[in-house]
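> If you want the building blocks of each chain, they are given just below.
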Amino acid sequence: MTQDQTVNQHTMAVLVDNEAGVLARVIGLFSGRGYNIESLTVAETDHEEGLSRITIVTSGTSMVIEQIKAQLERLVPIHRVQDLTIEGPSVERELALVKVAGTGDPRVESLRLADAFRARVIDTTTKSFTFEITGTSSKIDAFIGLMKPLGLVDVSRTGIVAITRGIDRL
Amino acid sequence: MPPKPSQELMEGAEIILKALVEQGVDTIFGYPGGAVLPLYDALFKQNQIHHILVHHEQGAVHAAEGYARSTGKPGVVLVTSGPGATNAVTGMVDALMDSIPLVILTGQVPTQLIGTDAFQEADTIGITRAATKHNYLVKDVADLGRVIHEAFYVATTGRPGPVVVDLPKNIQVEKGPYTGSPRVKHKSYRPQIKGDIDAIKAAIELIAGAKKPVFYTGGGIINSGPGASLLLREFVHMTGFPITSTLMGLGAFAASDKQWLGMLGMHGTYEANMAMHDCDVMINIGARFDDRITGRLDAFSPNSKKIHVDIDRANINKCIRVDIPIVGDAGHVLEDMIKIWKANVTQVDTDARESWWAEIEEWRAKDCLSFEQSGDVILPQYALHRLHELTKDKDRYITTEVGQHQMWAAQYLKFEDPNRWMTSGGLGTMGYGLPAAVGVQVAHPGALVIDVAGEASIMMNIQEFSTAVQHDLPIKIFILNNQYMGMVRQWQDITYEGRYSHTYSEALPDFVKLAEAMGGVGYRIEKPDELDSVIKKMIKSTKPTIVDCRVAQLENCYPMVPSGAAHNEMILGPEDVNMTRKDDPTLV
Ligand SMILES: Cc1ncc(C[n+]2csc(CCOP(=O)(O)OP(=O)(O)O)c2C)c(N)n1
Ligand SMILES: [Mg+2]
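Protein chains in written order, with our numbering: chain A, 7 to 176; chain B, 20 to 607.
No lab work stands behind these hints: they were computed from the structure. Hints may be right or wrong, so weigh each one.
Stated by the list, open to error - With a straight-line cut-off of 16 Å between C-alpha atoms, the simulated EDC-like cross-links for lysine to aspartate or glutamate are:
| id | chain 1 | residue 1 | chain 2 | residue 2 |
| --- | --- | --- | --- | --- |
| 1 | B | K337 | A | D23 |
| 2 | B | K92 | B | E41 |
| 3 | B | K433 | B | D276 |
| 4 | B | K556 | B | E408 |
| 5 | A | K75 | B | D331 |
| 6 | A | K105 | A | E72 |
| 7 | B | K277 | B | E373 |
| 8 | B | K411 | B | E253 |
| 9 | B | K206 | A | D52 |
| 10 | B | K277 | B | D309 |
| 11 | B | K206 | A | D89 |
| 12 | B | K337 | A | D10 |
| 13 | B | K204 | A | D23 |
| 14 | B | K206 | A | D10 |
| 15 | B | K337 | A | D147 |
| 16 | B | K413 | B | E435 |
| 17 | B | K206 | A | E138 |
| 18 | B | K158 | A | E25 |
| 19 | B | K277 | B | E378 |
| 20 | A | K75 | A | E93 |
| 21 | B | K206 | A | E54 |
| 22 | B | K337 | B | E373 |
| 23 | B | K206 | A | D147 |
| 24 | B | K562 | B | E549 |
| 25 | B | K555 | B | D414 |
| 26 | A | K75 | A | D89 |
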């Protein structure tokens, strides 16, 4: 049987019990079965119910993507898995902290570009700025690319978080 | 949960045993050590739970698997921390692959020492995460009762599997309230039992219109319980269609039935594999399109519409894309199928069915399992044929090791009922059969329990023969001794031009003396005409018994679908072997 061999990127939202080791189960599943993780974020989202939300960006053929969802669903502490790419539409955002060091023109230029990207300055010394920027990953890539010749020294990114559009919850 | 003032506090070890008793546990297989001393002390003080002391923790897990597979109840294991737990890992993966419900209690160093490289500390939760269906570390005695009950619930529902509960020593001693009950309501785990009724209706429509249908069944029927086997028989008889099964599903359908085609797959029958290849509708119930079944994926049953009933959604479209997936328990889905069939299907295309059977009869006429015993050297097939004839009317349970003997056992021993056949299918664990036989015999004291073994495999857990002696378990080990790791040697024949690299056993024990030295009975068979009399003695033996049956050293197991071949490219015998066939390193 010939199957669709095109590899596509998918974003999955995973609601899990916030218990010890749950992230290891998810990551172990991906490494053990040879699936890709392109981005992964996790944080508690419902303190009363003890629930965390994991956002995973992965890629694979349609058969692999279907497998990933089914394999995630069978992990015992997992409540729900949503393939946002299929069950969307959804919005995605990433946050990055970008540190640029320098003086003189490059320093001024970095500030001007930051303004154009709506990045905020969250720390300053006489020789550096740290910017906070949110947006799509490609916007952040573009911003980092522009900062490189202007004295980029360090980047910290959150990875992608995503949520469906409209009124429904996960 | 803070204890209610009235609630009585119990020691952790007592809580564990109370929960086990509430779960109906009568037997546990175990091996003591420092980190489980409190639990062993609690065991000492009670008499509701019977403890079977093994000689290696791997043996405990396989014994529990044999117990579980032959009774339908979960098997329970108790081992110490560190090496006790790591020794049990092979058994866990074995149970995971074959969907056997187990609860494995492992000792752990006290909570305050976890992470300090304490004596006999191992990260059991980390190590067993991928070896179990689920695992728990209990850090608060107040959770203990609930976690034990939950472990049984997870192990036995949905697709069954092994569950580890890691028990720090201090938790076994601390006092706490008894929490939880056997009626578990889990926060997130929701196995799907009933199949989608619209999908079942669509499946029935497809089945009713089929011209060349075949049932392909597996271990899921056995796991669903004996009721599922009865429903399967009813449905298959209603349709009049042919049926085959995987290694794991043998016994779900009676081997003596006219509609039975024999096992399918790598060493399946010609008729079963050809029917799979040529069918127009495939009805997979409780099997998972394993590579040992499908052969080359892109040539697998190219012209069929496929129905797949599986309790594990992740098995759907994993290896083979199917047309009608049905997620649910085999027994429940079969029940619905029968109902809908009775209500809607007035007749099947009997003409098509008859000509399909005529085609199948032609394949059957090849008589692919025939062999000719002549001369002084015992053919393994003949040995098993005699073993079958002399034991088939007894209350018989068969376990196996892994290798050619296992495949011959699947081919030549015929199973009429479920839960009578215990073998390591998914993991293919040499050393499974002897301890599994121990577990089966514990559960069925009066039955005839035979481990069909190879001389290499049996050495992997031979220490468990002492367990059988210690607990008066008269298991029978029937070794087809070919002095080779026959199955590996066979592949060396077929794809490595007969270079037998390290597959000959230069040094083997005298198995008769070995049996005697360990406190059992040993027999040797060297000539075909000795088979019947020794097998009869073996059956009568009231002690653990080893039969060292010397068989043809270079016999290969056929039919065979070599890895990477299609079902219709089977090798039926040595004359079909093309010595230039290359091993395909991209396939197992
Ligand atoms: C624990 C383990 N190690 C290695 C293997 C690979 N293997 C599969 S069959 C086999 C040979 C088995 O020899 P024997 O028990 O004598 O059985 P025979 O094939 O000769 O009947 C080996 C080494 C395995 N299945 N399990
Ligand atoms: Mg051998």
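> Compare the structure with each hint and give your call.
Structure-based check of all given hints:
1. K337/B x D23/A: 26 Å, violated
2. K92/B x E41/B: This hinted pair holds, its Cα atoms lying about 14 Å apart.
3. K433/B x D276/B: With a Cα-Cα distance of about 11 Å, the restraint between K433/B and D276/B holds, given a limit of 16 Å.
4. K556/B x E408/B: 14 Å, holds
5. K75/A x D331/B: 12 Å, holds
6. K105/A x E72/A: Violated, at about 39 Å.
7. K277/B x E373/B: 13 Å, holds
8. K411/B x E253/B: 23 Å, violated
9. K206/B x D52/A: 14 Å, holds
10. K277/B x D309/B: 26 Å, violated
11. K206/B x D89/A: 22 Å, violated
12. K337/B x D10/A: Distance of about 14 Å is within 16 Å: holds.
13. K204/B x D23/A: 15 Å, holds
14. K206/B x D10/A: Violated: K206/B and D10/A sit about 36 Å apart, past 16 Å.
15. K337/B x D147/A: 35 Å, violated
16. K413/B x E435/B: With Cα atoms ~12 Å apart, K413/B and E435/B stay inside 16 Å; holds.
17. K206/B x E138/A: Violated - the C-alpha atoms of E138/A and K206/B are around 38 Å apart, more than 16 Å.
18. K158/B x E25/A: 12 Å, holds
19. K277/B x E378/B: 15 Å, holds
20. K75/A x E93/A: Roughly 12 Å between the alpha carbons, so the hint for K75/A and E93/A holds.
21. K206/B x E54/A: 14 Å, holds
22. K337/B x E373/B: Between K337/B and E373/B the Cα gap is close to 34 Å, so the pair fails against 16 Å, i.e. violated.
23. K206/B x D147/A: Given that 16 Å is the threshold and the Cα spacing comes to 40 Å, the pair is violated.
24. K562/B x E549/B: Outside the cut-off at roughly 21 Å; violated.
25. K555/B x D414/B: 15 Å, holds
26. K75/A x D89/A: 7 Å, holds
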